[in-house]
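Chemist: What follows is the residue order along each chain.
Protein chains: 2
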Amino acid sequence: MEAALCFLLATTLATTSQAYQSHLLPHSGGGAATSAAHRLHHNKISCSSWRLAVETNNTVGWDIVPGECAEYVANYMLGPQYPEDCFAVISTALAYAKNLTLAGDGKDIWVFDLDETALSELDYYSLPDVAFGAKEYNSTKKKEYQKKGTTPALPAVLELYKELVPLGFKIVFLSASSESNRESRVSNLKRVGYHTWEKLILKQTSEHGTSSLMYKSKKRTELVEAGYRIMGNMGDQWSDISSSNPGNRTFKLPNPMYYVN
Amino acid sequence: MEAALCFLLATTLATTSQAYQSHLLPHSGGGAATSAAHRLHHNKISCSSWRLAVETNNTVGWDIVPGECAEYVANYMLGPQYPEDCFAVISTALAYAKNLTLAGDGKDIWVFDLDETALSELDYYSLPDVAFGAKEYNSTKKKEYQKKGTTPALPAVLELYKELVPLGFKIVFLSASSESNRESRVSNLKRVGYHTWEKLILKQTSEHGTSSLMYKSKKRTELVEAGYRIMGNMGDQWSDISSSNPGNRTFKLPNPMYYVN
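So the protein sequences, as listed, match chains A and B.
For the first sequence, the working numbering assigns the number 1530 to the last residue and increments by one with no breaks.
For the second sequence, the working numbering assigns the number 1530 to the last residue and increments by one with no breaks.
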């Protein structure tokens, strides 16, 4: 990736306000095709395109943020775009939720993931040795952070929660983080404004070998078998909202900092 | 949406290159929460956030591009970002394809959608009365355009195709566009560089009442039942790559111009 080229393209796009003209249209033959072949074999991907590929589940199974995109991701997470992008997801989710007619039997649920969904670990990810996912993942350090129970709410998601509860949705928090931190997670959630929920499902030690995708899929299936209807399901990972019983509608919050299988 | 605010935020983000500082971190209480609630009820979504919500399948079932985002979408489609975003998808798809070991029995297939995937209708969408999806959809006019058989290839996808064929993948084009245009679509594909394929599946008149999602799901299931293995599946709509037998890996190309159910 070429950061300078990426920056040049971004600023050109941002500062050019000219109307589109048909002679600007790309064509398939000659130059354009040659250029595409060249790019395909030289792996010139801008950080903006990398982030979109991550968010759309095209680029999967990555370990850490590419070094070339470390500063880009930091700026995205701390700039206005990340909260705006979160807010856009919540806005479309709320419009959907308000249009539903619930059965009123207490079985209509909304599933939320915890980290980078109900809660925002930005204070942790901004630590120099975490660097918004550009450094290798340290599970011990992360678990210690979560044990402190001081994680702030993700503001947009908290606002959605505050709307869903009076609409009659029961809330289920479903997280692949450890059951051993239950006590601190409960006090954490309550302190930042999540005062009530139907279930808080955390991962047991016996389930540690299972991928988040399979674990969450199994837990959602258990919920459905217990008579619950998953009206909405929201997470920052595709593994939160894929596979069995994903929910009537799923909502993907942005997260270019890490990938969970 | 407030275009002026959106522009201000975008240019602020583009021109600010300061390193992140922990005091810039958002917090869940007080101001941030109030701001989130305010935004939630005043529907202030930037066009960039709208596009991300569309690409991640959060915002669904929309008819036309919101008026406030008409110029933004036009600039995106004709600027450097759209081909870059397409190229990033193709790059990750090719890396995946090259790592596979095929059975060599001619049953490993790669499924491509046609419009805004194998082919790019940008010349059609740039017409003033189409306006990159900001005007009401005209199915008659679109069908007449497709009948001409003059649609250019989407350069990045053509390059991927050129790599996949010698790797041993059989190509299946699966489109919800009309069977009645088969002849012109065949000549169109061949002329722009798609010279060989296993199947070109188009929608029969009898299937016109079926959603694209259900139609494509059914056709993929028929392929699997015929012994094919869908190793990759690429489209510009979530309805191309969702529901039954989506494929071992799916790839979502960008398209903020229209939504197909």
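Think of the hints as simulated: they come from the structure by calculation, not from any bench.
Owing to the predicted nature of the structure, the values given are computational and were not obtained by experimental measurement.
Hints may contain errors.
Which copy is meant is left open, so a pair is good if it fits within one copy or across any two.
Simulated crosslink set (DSS-like; lysine-lysine; CA at most 30 Å straight-line) [claimed, not checked]: (1) K1468 x K1439; (2) K1431 x K1404; (3) K1404 x K1367; (4) K1376 x K1412; (5) K1313 x K1376; (6) K1313 x K1439; (7) K1313 x K1459; (8) K1431 x K1313; (9) K1313 x K1417; (10) K1416 x K1487.
Chemist: Next, verify each hint and record whether it holds.
Modeler: Going through the hints against the structure:
For the identical chains of this complex, K1468 and K1439 are intra-copy neighbours only, at 9 Å inside a copy versus 47 Å across copies, given an alpha-carbon limit of 30 Å. Taking the shortest alpha-carbon separations for K1431 and K1404, neither the intra-copy value of 35 Å nor the inter-copy value of 36 Å comes in at or below 30 Å. Proximity of K1404 and K1367 under a CA criterion of 30 Å is satisfied inter-copy only: 28 Å between copies versus 41 Å inside one chain copy. When the C-alpha separation of K1376 and K1412 is checked against a cutoff of 30 Å, the pair qualifies neither within a copy, at 32 Å, nor between copies, at 46 Å.
For a Cα distance limit of 30 Å, the shortest separation of K1313 from K1376 qualifies neither inside one copy, at 49 Å, nor across copies, at 32 Å. For a Cα distance limit of 30 Å, the shortest separation of K1313 from K1439 across copies, 27 Å, qualifies, whereas the shortest one inside one copy, 46 Å, does not. With identical chains, the CA atoms of K1313 and K1459 are at most 30 Å apart between copies only, with a shortest distance of 29 Å across copies and 46 Å within one. In the homo-oligomer, the alpha carbons of K1431 and K1313 lie at most 30 Å apart only across protomers (19 Å), although the nearest pairing inside one protomer, at 43 Å, exceeds that limit.
In this assembly of identical chains, K1313 and K1417 lie within 30 Å of each other by CA distance neither inside one copy nor across copies; the values are 41 Å within and 35 Å between. Taking CA atoms no more than 30 Å apart as the test, K1416 paired with K1487 passes inside one copy only; the shortest distance there is 25 Å, against 48 Å between copies.
Consistency with the previously given hints fails for numbers 2, 4, 5, 9, ordered from lowest to highest.
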